[in-house]
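*Asks:* Here is how the chains run, residue by residue.
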Amino acid sequence: MAVTAIDPPSILPVANEGETTMVVKKLSEPQTQKVEPVGRWYEAYLNRLYNKHSVSHHSVESSSSDESEDDTEIEDNTQFLMSLDPKDWKNQDHYKVLGLAKLRYKATEDQIKKAYKRQVLHHHPDKRKARGLNVKEGDDDYFTCITRGKC
Amino acid sequence: MAAFGIHFGTCSSCLAVYKDGQTDVIANDLGDRVTPCVVAFTEYEQSVGAAAKQGIIRNANNSICHVKKVIGRDFNDALVQDYISTWPVTVTNKDGFCQFDVEYKGKPASFSPVEIASNIYAKMLETAESHGGRGIKDAVLAVPSNFTPKQRELISEAASKAGFNVLRLINEPAAAALAYDLGQEKHNEECCVLVLRLGGTSTDATILQVNHGIYQVISSVTLEKYGGENFTDVLTENLVSEFKRQAKCDIKDNRRSMTKLRLAAEMCKHTLSTLPNAQCAVDSLYDGIDFHYNVSRGRFEILCNNLLQQCVQLIEQILREAKLSKSDINKVILCGGGANVPILQKSISECLLDSVLLTSITCDEVIAIGAAKQTAFLVGKEPGDIKRNAESNEIRCLSHDVAVKVENESNKPLIVLPKSSLIPSRKQHSFILQEEQTTLRMEIYEMGSDDQSQDLLAKIIMRDLPAGATIQSSFHLRRDGDLHITCQETTSKKEESVTIAIS
Chain A
1 MAVTAIDPPS ILPVANEGET TMVVKKLSEP QTQKVEPVGR WYEAYLNRLY NKHSVSHHSV
61 ESSSSDESED DTEIEDNTQF LMSLDPKDWK NQDHYKVLGL AKLRYKATED QIKKAYKRQV
121 LHHHPDKRKA RGLNVKEGDD DYFTCITRGK C
Chain B
1 MAAFGIHFGT CSSCLAVYKD GQTDVIANDL GDRVTPCVVA FTEYEQSVGA AAKQGIIRNA
61 NNSICHVKKV IGRDFNDALV QDYISTWPVT VTNKDGFCQF DVEYKGKPAS FSPVEIASNI
121 YAKMLETAES HGGRGIKDAV LAVPSNFTPK QRELISEAAS KAGFNVLRLI NEPAAAALAY
181 DLGQEKHNEE CCVLVLRLGG TSTDATILQV NHGIYQVISS VTLEKYGGEN FTDVLTENLV
241 SEFKRQAKCD IKDNRRSMTK LRLAAEMCKH TLSTLPNAQC AVDSLYDGID FHYNVSRGRF
301 EILCNNLLQQ CVQLIEQILR EAKLSKSDIN KVILCGGGAN VPILQKSISE CLLDSVLLTS
361 ITCDEVIAIG AAKQTAFLVG KEPGDIKRNA ESNEIRCLSH DVAVKVENES NKPLIVLPKS
421 SLIPSRKQHS FILQEEQTTL RMEIYEMGSD DQSQDLLAKI IMRDLPAGAT IQSSFHLRRD
481 GDLHITCQET TSKKEESVTI AIS
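Note that the protein sequences, when read in sequence, are chains A and B.
Going by our numbering, 23 is the number at position 23 of the first sequence; the sequence numbering is gapless.
Going by our numbering, 241 is the number at position 241 of the second sequence; the sequence numbering is gapless.
FYI, nobody ran anything at the bench for these hints, they're computed from the structure.
There may be inaccurate statements among the hints.
[Unchecked claim] Cβ-Cβ distance ranges computed for the label pairs, FRET-style: (1) B/D29 / A/R148: 32 to 38 Å; (2) B/T490 / A/L121: 33 to 39 Å; (3) A/Q31 / B/R152: 24 to 30 Å.
[Unchecked claim] Examples of chain A residues toward chain B, derived with CB under 7 Å: (4) G18; (5) E19; (6) T20; (7) T21; (8) V24; (9) Q31; (10) P37; (11) W41; (12) L46; (13) K117.
Every residue gets a Cβ at the ideal spot worked out from N, C-alpha and C, and that includes glycine.
Work out the full structure: start from the sequences and follow the hints.
*Replies:* The following block contains the structure:
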């Protein structure tokens, strides 16, 4: 069973007058084969088979989720964050910490991920130090609240 | 979190780890890369591995070897009875399965094969912990392909009991192929592999077809009672007659002397795998008489001639069963300790001249390394996914080649989706138009089983294209089996698509 190399690209023939795109016949029935459950491609194949997005749906889905991500506005809540006590993280409002107070439980996993990333980038102690703001040592800093919020 | 692969053999077992993109075998507490599968019970303690093996000389009645042979097998099975009759340890029938009766700490005790196997796995866990500290030990176990579901269940139970988190059980030949990354790097690599496993007491040959990175067993043959131990037996016999000549004593009926000599013969055999000469020396072998003899590799090879013939016959048998010729085999993988014998490797490569003999990984370790690689693919996945993926070991694929008619000298259609392309999958090809060509006709055919017949499935027509354009087309086999084809002209983004349903 030889696979012809596609290099250089092959030339397609010219269309005849009056011809149109059409389907003539169905593909014949697929065959089922027993295989060994090992290897990278076996796992990849099954993931493709069972996961929600197959290759074709992928492009459609990702474009739609892009839009929704743009819609989500993440509230600026620096003042609120500053007021928090990191030791009391168990009682904090995690959605508010991540700036998703409006969406609450409606927030999708993607949005939470994105919000967390944004908050981390903005409020990370190293970043604030670089901006010349003062940062408290260790767990006393409000950054802890954000990391707890993600979990 | 660490990923382990375990090969639990009849005579010895091996543990490999996957870490930072590399697989390696972990040496046990003695620094050996393989651990003998022997569990011994004495007045004071229970020992596993090399210590137990050395103890066989004095403690044969309470030492259990070859537990893999009886695990999950019926007590009355002919093969089981055959093995039991040669063992010094007492084996009794318990609910139709085997049970080992030994004396432990001065009292009689009974153990099931699972408990013994679990002891060996516990030893492996100890080795694993010495390497990577505590924590969850994810493991993939390699088992012979002819293991029954019951045997698989028991092996998995033994490993979990010892403390491993068993992710999956895979077949030994597949593990061996995975160890050499066959089809893993390049997705479209195709080859036919013969995996020859020479274990301690049994040998099997398996032909695997690697296609799209997926392994399929074409044929498999097992030869019981043929393995590395037979080579040792042959050498031992020779040494016995040599001792008889030297000391005028026959030790055949003295079990202790025979065990001593057998261990020495095994050492000799291992030495002969790497060196041209080996010294066999046993102090006070029998009646205070020392034994010393020099075995050359040449002599050993002459002794093994008969066994080598059997191995070549096995290869010929499997080729007959698979209806393949010697030249169809692209690669040969040797695994199992018995395959270390140089003359054996030589006679196999002489038998299969056209194929590449893969021996870069030490034969005893191949299977464990393959299992560790598989663990690496599984670690971090949902437990449900892992289980489901292991069960559904069936794939759907195309039954015929799908081709496109192109203009070339031979007028041969261009195969875009070869037979047994997986469903779903996707391929992309680019086509070009000739200068001054502004229309195109793409005819999609399904090729018949013989090369002659072909059925037209669909055609795509595009008009008003810029001359000399390039066409990007994607062939997408959807999950439901439908084939969706899209052609796009690269500059004007003009598109035409068609969907061919599956019957």
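*Asks:* Does each hint fit the structure? Answer for all of them.
*Replies:* Against the structure, the hints:
{"no.": "1", "hint": "B/D29 / A/R148: 32 to 38 Å", "result": "43 Å, violated"}
{"no.": "2", "hint": "B/T490 / A/L121: 33 to 39 Å", "result": "38 Å, holds"}
{"no.": "3", "hint": "A/Q31 / B/R152: 24 to 30 Å", "result": "27 Å, holds"}
{"no.": "4", "hint": "G18", "result": "9 Å, violated"}
{"no.": "5", "hint": "E19", "result": "5 Å, holds"}
{"no.": "6", "hint": "T20", "result": "6 Å, holds"}
{"no.": "7", "hint": "T21", "result": "5 Å, holds"}
{"no.": "8", "hint": "V24", "result": "5 Å, holds"}
{"no.": "9", "hint": "Q31", "result": "4 Å, holds"}
{"no.": "10", "hint": "P37", "result": "5 Å, holds"}
{"no.": "11", "hint": "W41", "result": "3 Å, holds"}
{"no.": "12", "hint": "L46", "result": "5 Å, holds"}
{"no.": "13", "hint": "K117", "result": "21 Å, violated"}
Checked against the numbered hints above, the structure violates hints 1, 4, 13; every other hint is satisfied.
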